[in-house]
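A.B. asks: From first to last, the protein sequence lines stand for chains A and B. The opening residue of the first sequence carries number 51 in this note's numbering; numbering runs sequentially from there. The opening residue of the second sequence carries number 200 in this note's numbering; numbering runs sequentially from there.
With a cut-off of at most 25 Å between alpha-carbon atoms, the simulated DSS-like pairs for lysine-lysine come out as follows: (1) A:K293 - A:K69; (2) A:K69 - B:K206; (3) A:K69 - A:K93; (4) A:K69 - B:K351; (5) A:K78 - B:K357; (6) B:K351 - A:K78; (7) A:K78 - B:K294; (8) B:K294 - B:K351; (9) A:K82 - B:K357; (10) B:K357 - A:K293; (11) B:K206 - B:K351; (12) A:K61 - B:K206; (13) B:K357 - A:K69; (14) B:K351 - A:K82.
What the hints contain is simulated information worked out from the structure, not anything from laboratory work.
Residue strings, one per chain:
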Amino acid sequence: MTFDRLMQHAKEINDKAIKNSMGELAQKKGAKFPGSAEYDQFKQQYAFIEPMFEPFSRLPDPARYDPLLADLNAAMATLNTGSVHTTQLTNDVSLANPHLDKMTTDGGYLQGWTGDAAMAFKANFIDTFKTVSGNQFSVLSTLKGILQAHREMWLKARDDIDKIAENTKNALDNAGGCGKNQWSFGFSVVSAVVAVGGVVVAVATGGIVPLVAIGAAASAGSAGVASLTASGDSVDTIINSMKQAVDELTRHIQEVENQQIAEKVRALTEAVRANKDKIVAARPNLAGMNDRDLTGDSGMGRSD
Amino acid sequence: MTDLAEKLDGIRVHVRAPGTDIEAELRDRTGITLSFGESVYDFIDESALERVLAGVARLMWAGWQRQYRAAVDETNLNIDVDDMRDSNFFADRAKVEAIGESNDARIVITAAGMENFSVHIKPGTVREIPEDQFAANASEAATRLIRDFQIKVDELKKRYYE
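Start from the sequences, fold in the hints, and give me the full structure.
C.D. replies: Structure below.
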């Protein structure tokens, strides 16, 4: 990975393009040997190369996602009841949080509490506690998947632009030789994001609502990476194919970000909102109750 | 990190003619130097020298090809035959006749597709010019042969690949 030196590579491409163009002109039969006027003309012709690479040199640093992912992992560990079905998004979360077990083994402490509130507390909070915590855990896992997908997208985009620069340089260097000169530009960013199955919101009374989650592609070199292949020796051919590759990469990055990430995030947000009752425990009736009711049977009830 | 151009510029091919103390080296893509062992030049005749130099040229081309491929293998470039177009190109390249002649016209090297090298030395040359002059002339002819081949292949490549 030589992404950190992308702008240096862009400058080298520019220099090589000018040098090869001067060479091509010098070889042309009948043309006068190129001088400073021609040099200036080529310099102007290829002046677009460095500015074309410049925005790519500022692509977000994938490493900056790591602290956010660590935070999410920690939050997930806190909510981990150990009962949620494992997916690609949960398998690196640490062990279940044993404190959560206390909520479901508290029966003894509450035996003496009766009345509507006691019954509601049991039905709406204790009985559903594990499901609700598990659902919160699952929702957090989708957030983590989104961050991982986005990180992977930038990682692949950086790798792709780096290789475009490198392969262009090599093609220019190999031009004018006695053999074939063919190169390819790959767009691995296209396969950076994958759908993750098995992420669900559970219903306390039974049943599940699946969430359409996304994540980072499991490993490098995924099959079916789109690419562009070209061959030839002239600077025009090489530089044009590079330009085309950069345009395509830009389009691929936008497509991945919009269609494979942003749209999925919107759908997830809606699904979470629609299933809020399964993710957040019901608001107790006690909240906002007047003082008289609060101490009556419909409120806190009595302790025997 | 060295780029491909620097690697190719840096290729050195050193060969020694089988059975004779004559050595040659290729540097900087087209620069050739030829050197004779002690008193070898004094006792060799033109026809033997022609055979030896043709052999040296063959070894040198093979050595260049090997190192060139090794350098390109470190990149993502594809220089292999993949389809009909490539195989037609290489078939035509094998027919490209190149020629290199020394300034004094005493030494002429020809090759078809950089195979079947043949060297022609004007009779009497060994007697008439000293060793270092001969070496310089041979180097001139060899460099011209390479350039001639390159220019002709360049035309061919334009037909096939652009």
